[in-house]
Amino acid sequence: MTIAVTRTALAIPTRALLACGAVSGPLYFVTALTQAAVRDGFDLTKHPASMLSNGDAGWIQVTNFLVTGVLMLAGAAGLRRALEPGRGSVWGPRLLGVFGASLLFAAVFKADPGNGFPVGTGPATISTAGILHMAAGSVGFLSLIVATFVFASRFSREGHRGWAVYSRATGIAFFATFAGISSGNANAVVMLAFWAAVLLAWGWVTAVILRTTR
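Numbers -18 to -1, 1 to 196, taken from mature numbering (1 follows the signal peptide of the UniProt record, and there is no 0), label the letters of the sequence shown in order.
Hints are not guaranteed to be accurate.
Unchecked claim - Taking CB as the label site, the calculated pair distances span:
1. G185 with V52: 15 to 23 Å
2. V171 with S109: 22 to 30 Å
3. T107 with V44: 15 to 23 Å
4. G102 with A158: 27 to 35 Å
5. S138 with G104: 47 to 55 Å
6. V72 with V171: 35 to 43 Å
7. R193 with V171: 31 to 39 Å
8. A(-3) with G104: 40 to 48 Å
9. L192 with L15: 16 to 24 Å
10. L48 with A117: 16 to 24 Å
Said to hold, decoys possible - Once the Cα atoms are required to be at most 20 Å apart in a straight line, the calculated SDA-like pairs of lysine to any residue come out as:
11. K28 with M173
12. K28 with A170
13. K28 with T107
14. K28 with N97
15. K28 with L174
16. K28 with A161
17. K28 with T16
18. K28 with F11
19. K28 with I163
20. K28 with N169
21. K28 with M116
22. K28 with V12
23. K28 with G102
24. K28 with S164
25. K28 with I113
26. K28 with A39
Think of the hints as simulated: they come from the structure by calculation, not from any bench. Even glycine gets a Cβ: it sits at the ideal position worked out from N, Cα and C.
Let's have the full structure, built from the sequences with the hints guiding it.
Structural data, given as structure tokens:
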């Protein structure tokens, strides 16, 4: 009886942490897309979600970064507890934790306004905060990309070929679109592809966490 009670007590916090991680992606995208639809001057073909941190309503996206960052850190901690020992059980969650931490940095150091957003803003200027934002985003995105391959390797060893392919495809798509917008020559197609890849990557995080929960 004592052993059963102890196991239940340990399982509840872990499942709660995993639940936090599972809702981080949907919460982030619902909040970002809602803002994108209603804020004047914002254009999905021109602006990444991080630019929503600017303007009078910028606090909404700043809060979005903070909340989803904390939720992602919780989810990473839950994964570390829940995964069976083996390669990927340590570095996979750690990399997702770095991604979560990068969202907190993105909240503190806002992206520079520009390219017509907020309304009336001219060409983008580069500030120290903007540089730190881009650095945090780069570290976070690259950590998430590497995490997809770490988990893909684990899934392959466990014989879950479909999950391995899904993970690698997510990482490749995300890396390709991230490289596209980082080139400085992002057009409407590249920007929309990046939005889609970020959605795909968040969806992958949610799917992996839900799979672990089950």
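Consistency of the hints with the structure:
no. : hint                        : verdict
1   : G185 with V52: 15 to 23 Å   : holds, 20 Å
2   : V171 with S109: 22 to 30 Å  : holds, 28 Å
3   : T107 with V44: 15 to 23 Å   : holds, 20 Å
4   : G102 with A158: 27 to 35 Å  : holds, 33 Å
5   : S138 with G104: 47 to 55 Å  : holds, 49 Å
6   : V72 with V171: 35 to 43 Å   : holds, 38 Å
7   : R193 with V171: 31 to 39 Å  : holds, 32 Å
8   : A(-3) with G104: 40 to 48 Å : holds, 47 Å
9   : L192 with L15: 16 to 24 Å   : holds, 21 Å
10  : L48 with A117: 16 to 24 Å   : holds, 18 Å
11  : K28 with M173               : holds, 6 Å
12  : K28 with A170               : holds, 6 Å
13  : K28 with T107               : holds, 16 Å
14  : K28 with N97                : holds, 7 Å
15  : K28 with L174               : holds, 8 Å
16  : K28 with A161               : holds, 16 Å
17  : K28 with T16                : holds, 16 Å
18  : K28 with F11                : holds, 17 Å
19  : K28 with I163               : holds, 10 Å
20  : K28 with N169               : holds, 7 Å
21  : K28 with M116               : holds, 17 Å
22  : K28 with V12                : holds, 19 Å
23  : K28 with G102               : holds, 15 Å
24  : K28 with S164               : holds, 13 Å
25  : K28 with I113               : holds, 19 Å
26  : K28 with A39                : holds, 19 Å
The structure is consistent with each of the numbered hints, conforming to all of them.
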